[in-house]
Amino acid sequence: MFLQQAVNGLIIGMGYVLLALGLTLIFGVLDVINFAQGELYMLGAYSVYVFGSVLGMPYIVASVLAVVAVALIGIVIERFSVRPLIRSDSLNTLLATFAVSILLSNTVQLVFTSTPRQVPTPFERMVRIGPILLTQQKLAVVVVGALLVLATQLVLRYTALGKLMRATAQNKFAAAICGIQVFRIYWITYGIGAGLAAAAGALLGPTAFAFPAMGANVVTKGFAIVILGGMGSVNGAVLGGLLLGITETLGAGFLSSAWKDMVGYTLLILVLLLRPAGLFATKGRGA
Amino acid sequence: MRMKPWFRPQLLGLLVAVALPLALTDGYMRNIAVLFCINASFAAGLNLLIGYVGQISFGHAAFLGIGAYASGLLATNLGLPLWVTLPCAVLIAGAVGALVALVSLRLGGVYLAIVTLAFAEIMRLVVLNWTSFTRGPMGLHVPKPHMPGDFDLAYYYMVLLILGGTIWLTSRLLQAPVGRAFLAVRDAENLAESVGINTFGVKVLGFALSTGIAGAAGAAYAHYYGVITPELLGVGYTATGLLMVIVGGKSRLYGPLLGALIFTVLPETLRMAGSLRMIVFGLLLLLTILFLPQGLARGWELLVAALRPGRHGERGAADGAAGS
Chain E
1 MFLQQAVNGL IIGMGYVLLA LGLTLIFGVL DVINFAQGEL YMLGAYSVYV FGSVLGMPYI
61 VASVLAVVAV ALIGIVIERF SVRPLIRSDS LNTLLATFAV SILLSNTVQL VFTSTPRQVP
121 TPFERMVRIG PILLTQQKLA VVVVGALLVL ATQLVLRYTA LGKLMRATAQ NKFAAAICGI
181 QVFRIYWITY GIGAGLAAAA GALLGPTAFA FPAMGANVVT KGFAIVILGG MGSVNGAVLG
241 GLLLGITETL GAGFLSSAWK DMVGYTLLIL VLLLRPAGLF ATKGRGA
Chain V
288 MRMKPWFRPQ LLGLLVAVAL PLALTDGYMR NIAVLFCINA SFAAGLNLLI GYVGQISFGH
348 AAFLGIGAYA SGLLATNLGL PLWVTLPCAV LIAGAVGALV ALVSLRLGGV YLAIVTLAFA
408 EIMRLVVLNW TSFTRGPMGL HVPKPHMPGD FDLAYYYMVL LILGGTIWLT SRLLQAPVGR
468 AFLAVRDAEN LAESVGINTF GVKVLGFALS TGIAGAAGAA YAHYYGVITP ELLGVGYTAT
528 GLLMVIVGGK SRLYGPLLGA LIFTVLPETL RMAGSLRMIV FGLLLLLTIL FLPQGLARGW
588 ELLVAALRPG RHGERGAADG AAGS
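Going down the list, the protein sequences come from chains E and V. Quick note on numbering: this note's numbering labels position 254 of the first sequence as 254, and the sequence is numbered without any gaps. Quick note on numbering: this note's numbering labels position 55 of the second sequence as 342, and the sequence is numbered without any gaps.
Looking at chain V on its own, in the form it has when it is part of the complex (with noise of 0.2 Å):
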C-alpha cells in the first residue's frame, strides 16, 4: 500500500522523458532536453553528496571540469571512442575525488568547503595554463562522437541513461547498508562512529561517487557541445550545482531534478543580462535558505498535503511544524 501513491509518479516520470524528445522535433528544445539532463545528473550526483552524506563542496565544478578534460583528451589524443573515454572519465573524477576528500576530511566539515573551493581553483589555473596539453583559455575542441539516426534523440537517451543510472544508483544505495550508513553520517556522525561505523571511509567513497557522477555529467557535456574551455572548471558551475541542489531541495531524489528543470529552463527564457539573472538567483539561494531550508521540493509536498486536508492534511501540516 504505502509503495504505491511512489510508484505512479516515478512511472510517469520515466514515461515522460522517454517520450519528450520524440514531441520536441525542434532541435532547440531537444539541445535544452540534453543540457536538463547534463545539469540534473551534477546536481543529483551532488545532492548524493550534500543531502545524504552531509557534506559540503564547494569546488564540484572542478570535477565536472576534470571528467570533461580526461574524456576530451582522451579522444583527441589517442583517438578512443566515447563508451571507453566516459568510464574513464568517470574514474578518474571519482578518483580525484577520493584522493580530495582524503586530504580535507582529516578535519572538520567547514575545511571540506575551503579545500574543495582551493582545490577547484588549482584545477582552474592548471587547465588554463597548461597550453601545451589542455590548449588552456583558446578552449578544447572535442570530437562529437557518431551517434545511430539524429544526433540530438540519441545523444538525449545516452544523457537520459546516466542521470537515470545515477537516480537508480541512489535509490539502491539508500536501502543498503551503505546508504543507512551516509544517513547516520549526515545526522550524528559520533553516534555512527560508537557503533562501529567507518565513518571516514563512507565519508570518502561518498565523496568518490558524487565526484564519479559529476565525471560523467563532465564527459557528457565536452561531447555535446564539442569545445571546453577552463570556465568550466570556475565558480560558476559550481554555484548552479549548488543552486539546483538546494533551491530544488536536497535530500529527496527529485529536489535536484526541480532545482535542474528551473536553472536550465530559467535562464532560456528569461533573457535577461546575466547580472541581473544572478541577482535573481543569488535571491532565490537566499530567501530558499532562511525560509524554506528543504527547498522547492519540500513547498510542494507542503502544497500537496495542504491541498488534500481529508487524508494527509493534518501529518503534513505537522510533518511541516516539525520540519526543519
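Bound conformation, chain E alone (with noise of 0.2 Å):
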C-alpha cells in the first residue's frame, strides 16, 4: 500500500518534473518568470483532445503533433509578449506572462467550455510490477517523462545549443560580446520549456482529465517546485519535483486529500526559511 502510493506520487511527480524544468530553463536563460507555464501545459492536453479525440490520430502521432504546436505557440508567446520587455523591469514580464495565462486559460474555456475532456489514450490495460499496479499509460508517463529528463540533460551538457544556452544563463552580457545571438537562445529555451509543459499535458491528460483550469491549480506548485531546487538548477527542478509528487500523495493517504496541496507550500516556506538558496543548490547563483 505504501509502496504504491509512492509510486502513484511518483507518477503526479514526474509530470510536475517537466513542468519545473521548463520553468526552471526559461528562468535560468531569459530571467522571467513564466506564469504561462501551467496554460502550456493545459494546451498539451487539449491538443493530444483535439489531435486525437476530434480529429481522430492516434494517440502518439496526437502527442508528438501536440508537442511541436505548442512549442511553435510558445514561440509566438516569446516574441510578441517577453521580448519587447526583456530589457525592462522583471516585474513586467512577470505581469506579461500573467496576462498571457489569462488570456490562453479563458480562451480555451470560451471554445471548449469549462467542461472536463477526456483525453484519449490506447494504454489503459493495467501492468502488474512486482507488488504495483498500475496502467500501461501511468507507466509511460514516468518512462517518457524520465527519457525527455535525460535528453534535455544531454542537450545542456553535450551539445552546441545546449553549451549556448548554460553560457547565455551564466552571463548576458559577456555571451553577446562574444558573438552568441542571445534573442535567438531565447526564444528557442521558451520554445524547449513550451514543449516540456505540453509534453506533461499529453502524458498526464489521459490519467485524469483536460480541463481550462487545470494550468492554474499546477502553476504555483512549479514555482514552489523551482524554489526548493533552486532557482535556475535543472537537476533541483527534477530532484524537487519528485520530492513534491511523492509527499503529496504519502500526504493525502496518511493525512486527508483536503490538505493534500498545502503539502507543496508549506515546504516552500519551509524551505525559505531554513535553506533560501533551495534544497538541492550546490552553487549560489545570486537572487
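Read the hints as simulated data drawn from the structure, not as lab findings. From the three backbone atoms N, C-alpha and C, an ideal C-beta is built for every residue, glycine too. There may be inaccurate statements among the hints.
Label-pair ranges, simulated between beta-carbon atoms [unchecked claim]: (1) E/GLY56 / V/LEU594: 57 to 65 Å; (2) V/LEU563 / E/GLN4: 41 to 49 Å; (3) V/ARG393 / E/GLY179: 35 to 43 Å.
Interface residues of chain E toward chain V, partial, derived using beta-carbon atoms under 8 Å [stated by the list, open to error]: (4) PRO84; (5) LEU91; (6) ASN92; (7) ALA140.
Derived, one-sided and incomplete: chain V residues facing chain E with beta-carbon distance under 10 Å [said to hold, decoys possible]: (8) GLY341; (9) VAL390; (10) TYR398; (11) ILE401; (12) LEU529; (13) SER562; (14) LEU570; (15) LEU573.
Can you join these two chains into the complex? Each is in its own frame, and there are hints to help.
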C-alpha cells in the first residue's frame, strides 16, 4: 500500500518535473518567471484531445504534434509578450506572462467550455510490477518523462545549443559579446520549455481529465518546485518535482486529501526559512 | 503657482464623490458606488506597494480575505460592532502581511511574487478546509451593521472615508522621509542602502501598510455583502487588483482610481460571458504593459499635454519620450 502510494506520487511528480524543468530553463536563461507555463501544460492536454478525439489521430502521433504545436505557440508568446519587455523591469515580463495565462485559459474555456474532456489513450491495460499495479499510460508517464529529462540534460551538457544556453544563463552580456545571438537562444529556450510543459500535459492528460483551469492549479506548484530545487537549477527541478509528487501523495494518504495541496506550499515556506538558496543548491547563483 | 492646477481637480473629485450618491437614488447604482470605493481602496493599497515601494504581491487577495474573515468572525463569534472589527481586520491583515514580508523579502523581488502567490493558496486552502471555524465552501454569513438612515448611503460614506484615508495617507507618506525612502528603494535599492536607509525595514513597512489597507477593504466587503466565501482569497481577486493598478496606472495617486472605475463599471455594463470578459481584461493588461507601461493615467496626461500645445505641449511630449 505504501509502495503503491509512493509510485502514484512518482507519476504525479514526473508531471511536476517536466513542468518545473521548463520553468527553471526559462528562468535560468531568460530571467523570466513564466506565469503561462501552467497554461502551456493545459494546452498540451487539449491538443492531444483535439488531434486524437476530434481529428481521430493515434495517441502517439497526436502527442508529438501537440508538443510541436505548443512549442510553436510558446515561440509566438516569447516573441510578442516577453521579448519586447526583456530589457525592462522583471516585473513587466512577470505581468505580461500573467496576462497571457489569463488569455489562454479563458480562450480555451470559451472554445471548449469548462466541461472536463477525456483525453484518449490506447494504453489502458493494467500492468503488474511486483506488488504495484498501474496502467500502461502511467508507466509511460514515468518512462517517457525520464527519457525527456535525460534528453534535456544531454542537450544541455553535450550539444552546441546546450553550451550556448548555459553561456547565456551564466552571463547574457558576456555571451552577447562573444557573438552568441542571445535573442535566438531566448526563443529556442522558451520553445523547449513550452514543449516540455506540453509533454507533461500530453502524458498526464489521459490519466485524469483536461479542463481550462488545470494549468492555474499546477503553476504555483511548479514555482514551489523551482524554489525548492534552487532557481535555475535543472537537477534541483527534477529532485524537487519528484519529492513534491511523492510527499503530496503520501500526505494525502496519511492525512487527508483536502490538505494534499498544502504540502508543497508548506514545504516551500519551510525551505525559504531554513535554506533559502534551495534544497539542492550546489553553487550560489545569486538572487 | 505649482500647486494650483493639482488642487482644483482634487477638490472637484472630492465634491463629486460626496455629492454623487445623493444624485444616485437608484439602489443598484449606489451598490456600484460602494463596490467602486472598496475596489479602489484595495487597488490604492496595492499601488502603494507596487507603484511606490516597487515590490510586487501576487497574493494580495489573501489579505483582503484575511481582513474579511477576521472582521466577519469577530462579529459573528464575539458580537463585536463594525467599528471594532474593522480596525482589528486592518491590524491582523497588516501583521500577517509584515510576517510574510519578513519571510520572503530575504531573497530578491522575484521570490516575493512566488511566495505571496503560494501564501495566498495556503490561506485559501485553510479557509476552505477549516469548516468548523470558517464554514468553508458554504460561506460565512456576516451581520450587516446598523447604519443611520439609508444603509447603502451611509455605507457609501464609510467606504469613501476608507478610500479617502488611503489616498490621504499615501500622499502624506510620499512627502515624509518614509515616503522618500520608499521611492529610493524602488528606484535604486543599493544606492538607498548605501546612504543608510534600512531598505529591508522600509519594504516590510510598505508591505504591512499595503496589506493592512487590503484588510480594511476586505472587512468593508464582508459587512456590505453579508456573505464571504474562500474564493475571495483566490487568484481572481488578486488579478483584479493587479489589473486596476497596472491598467489604471501605477505610481500615481489617481491611477488605481481610474483602474477601479474601469474594472468596476465595465463588468456591470459589458454583460458578456465570464471568459470573454476575462479575455478582454487579459488583452488590456498585456497591451498596457507593452505599449503604455505607466497605464491609462499616463495616457491621459499625454492626451492633456497634446491638447494644450501652447504651454505644456512640448514639455509633455518630451516627458513622454523620456518616460519609461
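Hints, one by one, checked against the model:
1. E/GLY56 / V/LEU594: 57 to 65 Å: Hint holds: Cβ distance 59 Å, inside 57 to 65 Å.
2. V/LEU563 / E/GLN4: 41 to 49 Å: holds (44 Å)
3. V/ARG393 / E/GLY179: 35 to 43 Å: Because 38 Å falls inside the window, the suggested range holds.
4. PRO84: holds (6 Å)
5. LEU91: Check passed: Cβ of E/LEU91 comes within 6 Å of chain V, closer than 8 Å.
6. ASN92: holds (5 Å)
7. ALA140: The hint is violated - E/ALA140 has no Cβ within 8 Å of chain V, the shortest such distance being about 30 Å.
8. GLY341: holds (8 Å)
9. VAL390: holds (6 Å)
10. TYR398: Result: holds, 7 Å to nearest chain E Cβ.
11. ILE401: holds (4 Å)
12. LEU529: Constraint on V/LEU529 satisfied, holds at 7 Å.
13. SER562: Holds. Min distance 4 Å.
14. LEU570: holds (6 Å)
15. LEU573: Hint holds; V/LEU573 Cβ to chain E Cβ min 4 Å, cut 10 Å.
Comparing the model with each numbered hint stated earlier shows that hint 7 is the single one that does not hold.
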